[in-house]
Each structure stands twice: as structure tokens, then as C-alpha cells.
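**Student:** Fit chain L to the given chain X structure using the hints.
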Amino acid sequence: SQQGEEDPQALSIQEGENATMNCSYKTSINNLQWYRQNSGRGLVHLILIRSNEREKHSGRLRVTLDTSKKSSSLLITASRAADTASYFCATDAEEYGNKLVFGAGTILRVKS
Amino acid sequence: EAGVVQSPRYKIIEKKQPVAFWCNPISGHNTLYWYRQNLGQGPELLIRYENEEAVDDSQLPKDRFSAERLKGVDSTLKIQPAELGDSAVYLCASRSGGLGYNEQFFGPGTRLTVL
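Residue numbers (our numbering), protein chains in the order written: chain X, 1 to 112; chain L, 1 to 115.
Bound conformation, chain X alone:
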């Protein structure tokens, strides 16, 4: 089974609303990363949070990490139609050979 699992599987919101996606994982990690994938395009790295960090911001993105619950959340504020994409969390853990292990992703649709 996969290390990371995103929730919800799909999310549909109106432009201007906030979108929150969650990721749960199973083992201790070095860091957790979030990626975005637009339809038909490759993955783009959004943000990385290390295991000793609790929160990071990048523009309209806010990521939190709770290592006690083995979970992370990605918040996109003031969403735009261009944010429509699939969002994946990926964990870097020694137990998995320090390679990125991706979850199944959350499909976000922002309606204008």
C-alpha cells in the first residue's frame, strides 16, 4: 500500500474560496512535499516541509505538518480557476530508501 494517502479524492469549489487537502502517511519522514499536476502536464514542485517544521507558507499556499498524527494539510487561499489540477503529497522517508513516495492525489476543480 502507498505511504501517503490524500483526502478528499476530489474537491470542487468556487473561485475565491479556500481549498484544503489532507495527506496521511505511515512512517517517520525526513520531509514531505506537495506537487501539482495539470491535465496533460508534468508535476510541479510546490513546497517542502521538513520533519522538524510545523508550518510553511509560499504565496497563497500554506502547508502544515503534524508528525504526531502523521498528517499534513495543504491550504490554497483565494483559489483561482488556474488552480484546477491534481495535487499530490510525497514523503521522503528512510524506511522507503529515501526516495519520494507519492500518494494517489486530490483532484481539485475551481469553478469560475
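Keep in mind the hints are simulated off the structure, nothing from the lab. Misleading hints may appear alongside valid ones.
What the hints assert, rightly or not - Dumping the calculated EDC-like pairs for lysine to aspartate or glutamate here, alpha-carbon to alpha-carbon at most 16 Å:
no. : chain 1 : residue 1 : chain 2 : residue 2
1   : X       : Lys99     : L       : Asp86
2   : X       : Lys99     : L       : Glu68
3   : X       : Lys26     : X       : Asp83
4   : X       : Lys99     : L       : Asp56
5   : L       : Lys62     : L       : Asp86
6   : X       : Lys99     : L       : Asp57
7   : L       : Lys15     : L       : Glu83
8   : L       : Lys15     : L       : Glu103
9   : L       : Lys16     : L       : Asp86
10  : L       : Lys78     : L       : Glu68
11  : X       : Lys70     : X       : Glu15
12  : X       : Lys99     : L       : Glu44
13  : L       : Lys11     : L       : Glu103
14  : X       : Lys56     : X       : Asp66
15  : L       : Lys16     : L       : Glu83
**Tutor:** Showing chain L alone in chain X's frame:
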């Protein structure tokens, strides 16, 4: 700066045929990855290269898949013979390597359809 280049973007073949994918990483990136992404799933690592050495190929199905990275620059992933279950998007990524964390940069992928 050019990104990771992959070709072809799309490939349709019949089962039992061979197929090859090509990747040119970002200039100067020592680490190269091949991932497979099935529909509705996240990418799964197939193989990782550090320069020309394959340092992690534990998830590469070696009975039919092979890869090479001659001269430590571009790379080729081959499937022979292809099976129906190989239909997926094959992604190449590169990273500059060195100490500390460096993000992976992904190419657009090759969408393979096996009929």
C-alpha cells in the same frame, strides 16, 4: 533554462511490441529518475541514476524493462515486450544532487497505450 525533455509525448503500440522512451534532463543535473504513473494514481519510482550508475532499480520489472544512462546525461527506458498493463504515463525527473535537498524537476511524460 530548458526543462526536462521527454519524447515521444504519446505512443500507441500493440502488445508484445517493444517501445522506448527518451529523456534529456536539465543540464548539470546528476540525478535522473524514471517514474510510472497509472491512471488515477501518483507516480511510482522505477529507477534512479546518480550520473551513469543505477543506484535504485528495485521497482524496475527487470524481465521486460531496461534502462540506460550512457555518459551520465540523457537516458532511455525500454519495454520489451510490452503488455496491456504497461499502459501508463512514464515520467522522467532530474535533480541537481549534492548535499542537502534539491527538488525534482519533472518532464511532461510519455503516455503509453498498449492495445
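**Student:** Work down the list of hints and note, for each, if the structure agrees.
**Tutor:** Hints and how they fare:
Simply put, Lys99 of chain X and Asp86 of chain L have alpha-carbon atoms about 22 Å apart, too far for the 16 Å limit, and the pair is violated. The suggested pairing of Lys99 of chain X with Glu68 of chain L is violated, with an alpha-carbon distance near 19 Å, which exceeds 16 Å. Of the pairs offered as hints, the one joining Lys26 of chain X and Asp83 of chain X is violated, with about 28 Å between alpha carbons and a cut-off of 16 Å exceeded. Only pairs whose Cα atoms come within 16 Å are accepted, and Lys99 of chain X paired with Asp56 of chain L is accepted, the gap being roughly 9 Å.
For the suggested pair Lys62 of chain L and Asp86 of chain L, the alpha carbons sit about 13 Å apart, so the restraint of at most 16 Å is met. In summary, the hint linking Lys99 of chain X to Asp57 of chain L is supported, as the alpha carbons are separated by about 11 Å, within the 16 Å threshold. Proximity of Lys15 of chain L to Glu83 of chain L is assessed by CA-CA distance (about 5 Å); at most 16 Å being required, the pair is judged to hold. Among the hinted pairs, Lys15 of chain L with Glu103 of chain L is inconsistent with the structure: their alpha-carbon atoms are about 35 Å apart, more than 16 Å.
Note on Lys16 of chain L and Asp86 of chain L: the hinted pairing holds, with a Cα-Cα distance of about 11 Å set against a maximum of 16 Å. Between Lys78 of chain L and Glu68 of chain L, the direct Cα distance comes to roughly 9 Å. Compliance with the 16 Å bound is thereby established for this hinted pair. With a C-alpha separation of about 30 Å, the suggested pair Lys70 of chain X and Glu15 of chain X falls outside the 16 Å cut-off, and the hint is violated. For the hint pairing Lys99 of chain X with Glu44 of chain L, the CA-to-CA distance comes to about 10 Å; that is within 16 Å, so the pair holds.
As the CA atoms of Lys11 of chain L and Glu103 of chain L are separated by approximately 28 Å, the hinted pair breaks the 16 Å bound. As the CA atoms of Lys56 of chain X and Asp66 of chain X are separated by approximately 12 Å, the hinted pair is consistent with the 16 Å bound. For the proposed pair Lys16 of chain L and Glu83 of chain L, the alpha carbon gap of about 6 Å is at most 16 Å, so the pair holds.
Comparing the model with each numbered hint stated earlier shows that hints 1, 2, 3, 8, 11, 13 do not hold.
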